[in-house]
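K.L.:
These protein sequences, in sequence, are chains A and B.
Counting from 1, position 85 in the first sequence corresponds to residue 85 in the working numbering; the numbering is continuous, with no gaps.
Start counting at 1 in the second sequence, then tack on 114, and there's your number in the working numbering.
The hints are simulated quantities; they were obtained by calculation from the structure and are not laboratory data.
What you are looking at is a predicted structure, and each value in this text was computed from that prediction instead of being measured.
Each hint should be verified, as a subset may be incorrect.
What the hints assert, rightly or not - Chain A side only, calculated, beta carbon under 8 Å to chain B, not exhaustive:
id	residue
1	E44
2	I45
3	F47
4	R50
5	A98
6	K101
7	L102
8	I106
9	G107
Said to hold, decoys possible - Short, incomplete list of chain A residues facing chain B, as computed with Cβ under 7 Å:
id	residue
10	F33
11	G43
12	F91
13	R95
14	G99
15	N100
16	F104
As the list claims (entries may be wrong) - List time: in silico SDA-like cross-link candidates among lysine to any residue, alpha-carbon distance up to 20 Å:
id	chain 1	residue 1	chain 2	residue 2
17	B	K186	B	E137
18	B	K165	A	N100
19	A	K101	B	K149
20	A	K101	B	Y220
21	B	K149	A	T103
22	B	K226	A	A41
23	B	K186	A	N100
Glycine included, each C-beta is placed from N, C-alpha and C at the ideal position.
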Amino acid sequence: AQKVTQTQTSISVMEKTTVTMDCVYETQDSSYFLFWYKQTASGEIVFLIRQDSYKKENATVGHYSLNFQKPKSSIGLIITATQIEDSAVYFCAMRNSAGNKLTFGIGTRVLVRP
Amino acid sequence: NTKITQSPRYLILGRANKSLECEQHLGHNAMYWYKQSAEKPPELMFLYNLKQLIRNETVPSRFIPECPDSSKLLLHISAVDPEDSAVYFCASSQAPGTPANTGQLYFGEGSKLTVL
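For reference, chain B alone in the conformation it holds in the complex:
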């Protein structure tokens, strides 16, 4: 799947700051960050719908999303915690609430974060 690219693919951190990047080439205008912990389903962290942020209120404030344009999505992480070890998936879709939106998400390959 080269339509949604994520970088880095693997990340090992101590208590440092880092950013994850995502770019989609599908012409979608909704982008998402999902967190998948081991043996768990993906869980929505953030959604940008037409560049408007909708946040999952359970996500710690050390996670800060950024959407510089409709095809790019960033996730800034500061002072990571061991519980943050997971795979972070970027996804995209047509904008929710529009006729073109089928609800189907397209996922990137994921960025695996390991916190030491």
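Chain A on its own, in the form it takes in the complex:
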């Protein structure tokens, strides 16, 4: 069975700084896919970035980047130059090898202060 753990319940940062969120996962699969999703205050859930387990390079999209440490089963999300609109709940998620289930962590609430 898969498990995704986010230990930080909330983080507060100043605008234009960098925020880092932790996520560790458990899986029996040799190949898997890791994701970060953002849920805004309106409830909208938006895909941010993905890391394939077989890729060594950390994924980067815009001001989002990942810190993938496979030996530690860790996939951290880094947001640089934060903006007020980055305030949201961030979910780490893992897709199983069959590709039919996405397991979410409990989420980390980020508040970006002006």
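For this one, chain A is given, so just place chain B on it according to the hints.
P.N.:
Relative to chain A, chain B alone:
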């Protein structure tokens, strides 16, 4: 996000029957229902993969999904319980197990169900 539409957006029920509807315009052939209770992450209820139903066995039998075609998904709810109060998200993706599937889900705006 107008690529996946859900209706109704808000629903207040006593112990009645109701259906939630979802339609996606992304050409995907896998569709999902997720339930998100307050302060919790989304949890998978059902998956239709190429119109084959895969059910989360923990979902009560009063929830009945229907997939009339690959772009539409319904969720029929009968005799709702207060524990059913939540936001129900429809999502879609390319079919799991196919080369086009990246595992990325696209979510609708959600339907908020409040059970009195």
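K.L.:
What hints, given by number in increasing order, does this structure fail?
P.N.:
none
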